[in-house]
Amino acid sequence: MELRVLIAGLLIALPVVSLAAEDGTPHPSTDVFVTKCSSCHSVGEGDRVGPDLKGVTERRKPDWLATMIKAPSRLLDSDPEVRALLAKYNNVRMPDLGLDDEQVAGLIDLVAHCSEHACQLTPELRPVTEAVELDAAHGRALFLGTAMFTNGGPSCISCHTVSGTGAMIGGGTLAKDITNVFARLGDDGLDAALRNPSFPLMNKVFGDHPLSAEEAFALRAYLYDANRGKHQGAGVYQLSVPMASLIGAIAVLILLNTAWSRRLRGVRRELVRHGGRPS
Amino acid sequence: MLDVILFGAFPYVAVVLFVGVSIQRYRREPFTYSSLSTQFLESRNLFWGSVPFHVGVLVLFFGHLLGFMFPRQVMLWNAMPARLFILEVSALICGILTIVGLVGLILRRARSARLRVNTSVNDILVYIALLCSIITGLWVALSLRWGSAWYTHTIVPYLQSLIVMQPDIQRVAELPLAARLHIISAFALFSLFSFTRLVHIIVAPVPYLWRPTQLVIWNRDRKTTSGA
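Line by line, the protein sequences are chains A and B. Be aware that the first sequence starts at 58, since it is given in our numbering, and climbs by one per residue. Be aware that the second sequence starts at 167, since it is given in our numbering, and climbs by one per residue.
For reference, chain B alone in the conformation it holds in the complex (with noise of 0.2 Å):
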């Protein structure tokens, strides 16, 4: 019974909350879509924490997706063992920058008074959910080895099961604690999604990436002001 909650029910309603309260929440409030970032002036505190952190998560985030949305070609890429290591490696890689972000982030936030008093109970729900996903992330990735050849087998007809609206949850409900808690913690993430700062994900500044250089012109004598 619990199995079908968990793995029947429970991500209909994450699914729901994802798309439902994020447009909501974009047409009430379109000023919180932000995690309040304070990058601009603390990039080299920042660099340790959110750059490992981004980077793996990014990584990790579009490889689960595409061993979804191509577990054929994933595994003909396993098909001999060299490449099977080294699509792992990566991925565990990946794993160990994004808890080494994330702990650097959250011992940023606890030893700052400044950042304790702009920390929100959903804050740190955001941490809890994501500390979860990734310490069970790891240990699937340590305990349970192979997991970028058995997904495709076990966890992507799942889901495959759930668009077509008949979760199929024994090919989840078999699979051993760590694999379901990290699944759970997934759609976890998923509810908690728009409630909180990860709305920022969607409306990430991409473009940023190829606009075109920005040249900055002081409207001053530096040379003055910077002695002053």
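Looking at chain A on its own, in the form it has when it is part of the complex (with noise of 0.2 Å):
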């Protein structure tokens, strides 16, 4: 009934939306499609970490595309067409991303629409070419977090790694290795998943704590220099925690030995000794 519902609106709403696209104006569901969309997808533009949907409504029938921009948890484990996408673009699940009907039935048009007309569905970009030195280093403070996120984001390092940060210990690994992220979502990808990240878990940790376009664009020069070997050779000498820690231990454990276990052992000894004998 829902699904029925929401063909019959897609099919009322694709004339108006579309007449209102005709007039050079953005498409109404721009907005949507770059703040949910663009970090993962474009329209013309090639793959990013998703695939280009270019022609996509084409290919596919309303209900598809609607069941997978609406809820793809759905297809993602049952559908073998979903299960070899999934494959070839490394398996990074697109999450469920709340959208309602009348959104869904928007980005099927706005797709359908910029297939056949080029639109702008990034947002204006300061290219990393741009960056100077101190850009560069700016990144690099953000992504270890000496310098914080103005919006209180934690630092890149608490999850990801870039080799050859400099600093004496290594990045974290809850997430991917990002030395060379550049080389694969591109300056228009990495702005857009530095600023609306589709990542879930990233998505829910910066979605209340959004990056500024600034922040992005020292990040964006900071990744850039990583990915082309920049920092190679630097901070090769790197700190280990576990051993470290097993250096701590035994100490720890040395040092409990000689403050604690002599604690009050006269006053027991002695009475453990004569315990239960008639004094």
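Misleading hints may appear alongside valid ones.
[Stated by the list, open to error] Mimicking SDA-like on lysine to any residue, the simulated pairs with C-alpha atoms at most 25 Å apart in a straight line are:
1) A:Lys233 - A:Pro257
2) A:Lys233 - B:Thr302
3) A:Lys233 - B:Val369
4) A:Lys233 - B:Pro342
5) A:Lys287 - B:Thr302
6) A:Lys233 - B:Ile252
7) A:Lys233 - A:Leu310
8) A:Lys145 - A:Glu187
9) A:Lys233 - B:Asp169
[As the list claims (entries may be wrong)] Chain A is faced by these chain B residues, among others (derived, beta-carbon under 7 Å):
10) Ser216
11) Val217
12) Trp243
13) Ala245
14) Phe251
15) Glu254
16) Leu258
17) Ile259
18) Leu310
19) Trp312
20) Ala315
21) Val330
22) Gln336
23) Arg337
24) Glu340
None of these hints come from the bench; they were simulated from the model. These numbers come from a predicted model, not from an experiment. For each residue, glycine too, the CB sits at the ideal point set by N, CA and C.
Dock chain to chain to rebuild the complex, using the hints, since each chain is given by itself in its own frame.
Structure representation (structure tokens):
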């Protein structure tokens, strides 16, 4: 029933929305696409984290598309074609984005429209080629956490690693190594991934703490350098947490033994030795 | 669905059991609030088990609690890589002390016939839950580096969402397996708490730490008795 209403709504909405977009004004769903989709998808600009969506409205049925946009989790495990796509795109699962039926219909129309006409579907971007040394240095500070994000987001090093940070410690291992993320996502894709991340956990974490355009620019500059191997060799010597902890634990055990094992022993030994005997 | 049960419902079950049964047990069976310690008589045998275990587990418990209460301060502390390193190493040292102590205590119990007789099913459950918590904690520390940094933006908001009765399970459901198992084992410990010897935690004689010194005066001729 819900699907029928959706498809009916789609058929009614299609000509209206398309007409509205004919006069050169941005498509009404552009904002939704930019904030929810553009970090992983483009329309006609090539693959990003996920596939280029150009022409997808002609290749797929509307109800399949609607389900894939609204609740991909329903198809990701069951539909063999989607599983094949998932494998092709590095097993990055598309999250359920919490879109309503109207937004889904609008997005389908936008993809159909932008497959035919050129659309600006990524935010205006200051290209990383304009960055100077200072920008990359600021990006490194943001990555390491020595400079804080203005909206209170966690530093990148909490979860990610980049080889050659120059710090005495390696990066986090909760999420991917992002040394070469610039090569994978490109300037546009990386900016979108930083400011509107679609990776489920990162999306949650930065949902309340978005990065500013300037912070994303600085990080892009740093990651651009990292991708070119500019930092290779820096900070090769890294302190090992397990090794330091093992040495520390042995030291603490020795300390405890020295400080504590004789505690009250004199009195206790006497009491235990004479316990139960008539004195 | 499983995530909703494990991270949305189970925590509340654990808290209800923790609070409800603890109070009921204290009212009905006050004299069972003990861990049946033999520390007085076996201080030396227990040393390599009990002391590292308790030192490690107390620091870790309060470390997790402080991180939950002051996430912003933890983030500021971690703003320098050297400080982040010190915090993580300190935590892992305590993790190692805890596992060394617990394994020592389990071996001691397994070897002694007298202790085996006095070991209940609940004691074994406590050991299993503690082992799960510590092993998954070590697994997190070793495989998902900088837990103290990502904890403040994933698990802390999740725990806060539990308190306001609007569980934001996506924050933890997307975490890797080790971290999810660690969270579940922590709630399992809370569930078991009031049924087992773990209750000794809330009746620990903390004032002993600052009570006045007690003098032991022997009311007998020590030379005679010690030579007997």
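Checking against the hints above, which ones are violated? Result: hints 3, 5, 7, 8, 10, 12, 21 break, sorted rising.
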